[in-house]
Structure formats: structure tokens, C-alpha cells
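Visitor: Sequence:
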Amino acid sequence: MSTIDELHNEGVSVWLDDLSRERLTSGNLQNLVDNSGIVGVTTNPSIFQAAISNGIGYASDIAALAAKGKNADDVIFKLTTDDVRQACDVFAQVYAETGGVDGRVSIEVDPRLARKGEQTFIQAQKLWETIDRPNLMIKIPATKEGLPAITHAIAHGISVNVTLIFSERRYREVAAAYIEGLHKAYEAGIDLSVIHSVASFFISRVDTEIDAQLEAMGSPDALAMRGRAGVANARVAYGAYMEIFEESNEFLKLQKLGANVQRPLWASTGVKNPNYSPTLYVDQLVSKNVVNTMPEKTLHATLDRAEITGDTIRDSVYAGQRTIEKIIRLGVDFDKAMIKLKNEGVEKFEIAWNELIETVEEAMS
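Each residue of the sequence shown is one higher than the one before, counting from 1 in our numbering.
Please keep in mind that the hints were generated in silico from the structure rather than gathered at the bench.
Please note that a few of the clues may not be correct.
As the list claims (entries may be wrong) - With a straight-line Cα cutoff of 27 angstroms, these simulated DSSO-like cross-link-like pairs (lysine-lysine) come out:
#1 Lys-184 / Lys-144
#2 Lys-256 / Lys-297
#3 Lys-116 / Lys-184
#4 Lys-272 / Lys-288
#5 Lys-68 / Lys-78
#6 Lys-116 / Lys-78
#7 Lys-348 / Lys-126
Based on the sequences and whatever the hints tell you, model everything.
Guide: Okay, structure coming up:
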């Protein structure tokens, strides 16, 4: 039994955090499904920027679309939706075998719309209708403006991957938006069982930010807390998940009507500090009903060396809270740091998208 199999047995779904046309056409993605236990894929603006800038497999389509008078935005929309549709087809069997829980492929709305809720929802609808696959998930950022878009998308039967979540507080707002959408979907006569959602928490970026502050303090107590914030923050978020989706009467009533829980998803699970175990954000974040979306490097490290010792979250939620409290007592403004990370995340994806537009425009000229 591989470590990926062990994770699956503990209730963890392993998705790949990468997609490119080369992965699709070479059979690499299918091979990862068949031989590595991958049961889903996530994409984001940075991933598409890297894939299309690399150029493999895209040149002829770009030239053909340019000849038809399409602009760069049109070309990017076509290239990315084609790739995601094909990936959805790769995972169709997994989707069927898991009853729609896995076999999921995520595509993000244009990051330039992160602060424009109504336009985010409009594009979410367009992506959903264009790709036209039941195992699709639309990624909507967890900005304040994105919350109503999450509700509207769920209310229309669109499965949503809520991205760029850093704080427990924002996660609770995201969960509330999801539940409100479920209520509206039910009132509209939509089958709740076909609607799925995940809430994506970015893990390694939390450690990068908090570690920098702890190192600036320089005291033995501060340095001793390095590398602990990311896992602790995720465990606290899982505690909120248990409260909302396992203990709340409101959701239990929806569940009886067919609603699915909104699973926590661990994103940004590649360690940034080489001194940390490459599987830190894998073996320390194991519990049922979670997704771990891994860069391929983390996937290989997990297959090679991860030690899965059972659930490492449910009995550690309180310890996670204590860890964050210790960090705060040292002088770290944790809430401010999470807001900073969310704003930087939105900005980084927008920068990547603008770079992608420039790349496509050059290829079209």
C-alpha cells in the first residue's frame, strides 16, 4: 500500500496542483491517476501562466485564434477552458466511482475580478457553461467581495472551490456563504447532492510570513515557534469545520436534504524552507473529509518518505489554538498577517495573469 493509499484510507483526497497541455497530451496526467492515486487537479493563474509561457502544445491554437481576430483575453479563455475540459474527461471515471466527491478539476475566475463580486459570478457562470462538465469546480477568491459570488454560484448549482483563505474568521464567512447558497438552491428546486465545494487554505505561505516575523524578533522563544504556524492555523480551521458541518443543526438539516459538506482543502503544501520536512503539510494534516492538493515535487516526496500515522488533526485543534496564542503573545499580529497574505495572494495572481496576457500577445504578433 502506498502512502497515497494510506491517506485515502484516512479520508484525505490527493489532488495535483498543476495542469498543462503537455501533461494532457503526453499521458502524464492519466498516468498519475492510474499509478499515483491522484483523484483531482487544481489550477490557478500562476499555473496557467507557467504552462502557456512554456509554449508546448499551444502555438498552433494561438496562431489560429489570432487569425480569427481574437484578442488575448479570448485566447486565454479558450486555451484554459479547453485544457480544463480535457482534464475533466480524464477524471470522469474517478468522478463516477466516488459519487462526485472526487475526480474534480478547478479553474479560477479572472483574478482581476477578485474585488468585483457581481462580475466574478458572471464569469463563474460563463466558465461553468463553457466547460460543461459536472466534475468542474469554479475557483472564487475569498475576498469580502467574493463572498456574495460564492452564494450566488452555489444557489445556481455551480460547484465552487473557494481559494485564498488564510484565517479561521474568513473561513467561517466562506462556510456561511456556502450554506446560504445551499438554502437558495433548495428553494429553487436544485438537487443539493450534485453541488460540491471545497475551502482552500494556503499553508506554507503562513509559515513564510510568520517565520519572518519570529526571526526578526530573534529571541529563543520566538525562534522556537518557527515552522509551527501553518499547521496550527489549518488545524484551528478544521476545528471550525467540525463545528459548522458536523455539529451544527442548521447544516445537519441541509445534509438530510442531500447537501454535501464543504471540505477543507490544504493548498500551498510545498514547503518553502528547505530545513522543514518536505511532507510537513501532508502527514501533519491528516483527517477525514479533507483534500490535499500537492505540487508534483510534494507528491513524489509523499510517495517516497511520508509516514502516515493516522488522524493528526482532530485531537490537535486545541493545541493549534494554543500555538497561535503563543505566537500572538510574542508580539505577532496574527490577524494582520493573514489579511496581508490574502491581499498579496490576490496581487500575485493578478500579476501572473497580466504576464500571461503579455506572453499571449507576443505569440499572436
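Visitor: Hints first: check each against the structure and report whether it holds.
Guide: Outcome of the hint check:
1. Pair hint Lys-184 plus Lys-144 holds up; C-alpha atoms about 20 angstroms apart against a cutoff of 27 angstroms.
2. For the hint pairing Lys-256 with Lys-297, the CA-to-CA distance comes to about 40 angstroms; that exceeds 27 angstroms, so the pair is violated.
3. Between the alpha carbons of Lys-116 and Lys-184 the distance comes to roughly 21 angstroms, so the proposed pair stays at or under 27 angstroms and holds.
4. With a C-alpha separation of about 26 angstroms, the suggested pairing of Lys-272 with Lys-288 holds against the 27 angstroms cut-off.
5. Under the criterion of a C-alpha separation no larger than 27 angstroms, the hint pairing Lys-68 with Lys-78 is consistent with the structure, at around 13 angstroms.
6. This hinted pair checks out: Lys-116 and Lys-78 have alpha carbons roughly 22 angstroms apart, not beyond 27 angstroms.
7. For a cut-off of 27 angstroms, the pair hint linking Lys-348 to Lys-126 stands: about 24 angstroms separates their Cα positions.
Violation of the numbered hints given earlier is confined to hint 2; every other hint is satisfied by the structure.
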